[in-house]
Amino acid sequence: MSYSIDLIIEKLPADQQQAWQEIEALREAYYEDERPVAAQLQQLHAQLTARYPCLCDFAEDDPAMDDSPWADGPMINNFSHDMGMLAIVYSKVEQVLPFIIRQANQLGITVADGQDGQIYRPE
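Sequential numbering from 0 applies to the sequence shown in numbering that gives the first Met the number 0.
These are calculated hints, taken from the structure and not from any lab test.
There's no promise every hint is true.
[Stated by the list, open to error] Cβ pair distances, simulated, as ranges:
(1) 57 - 13: 36 to 42 Å
(2) 38 - 17: 23 to 29 Å
(3) 42 - 20: 23 to 29 Å
(4) 20 - 63: 38 to 44 Å
Even for Gly, the Cβ is constructed at its ideal location relative to N, Cα and C.
Please build the complete structure, drawing on both the sequences and the hints.
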């Protein structure tokens, strides 16, 4: 089990209920989306993995893998054209979530946290 967040490229409605409905529609379309990964998501991926390497970057016997905040990999496979999804190890959420939100928002990406019902929008 992991802590999952959504990364949304498009601007969401201001109304929370409508925003979550839009996020759910994006999630449903996500699995069939074969378009290239959005440029903003590629940039975010590069920023996140520069600080916290993807699990796929570790050798299988590398003990540093145990310190990774990511619950799966390759992370880039969790990114599509309209949205991305990140799976975070629960014990690392407090450490990495603020960084993810800050980096995503700087790129114009909204972060939706279904666990606490928060939507972190770019300013």
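How the hints compare with the structure:
{"no.": "1", "hint": "57 - 13: 36 to 42 Å", "verdict": "41 Å, holds"}
{"no.": "2", "hint": "38 - 17: 23 to 29 Å", "verdict": "26 Å, holds"}
{"no.": "3", "hint": "42 - 20: 23 to 29 Å", "verdict": "27 Å, holds"}
{"no.": "4", "hint": "20 - 63: 38 to 44 Å", "verdict": "40 Å, holds"}
Checked against the numbered hints given earlier, this structure breaks none of them.
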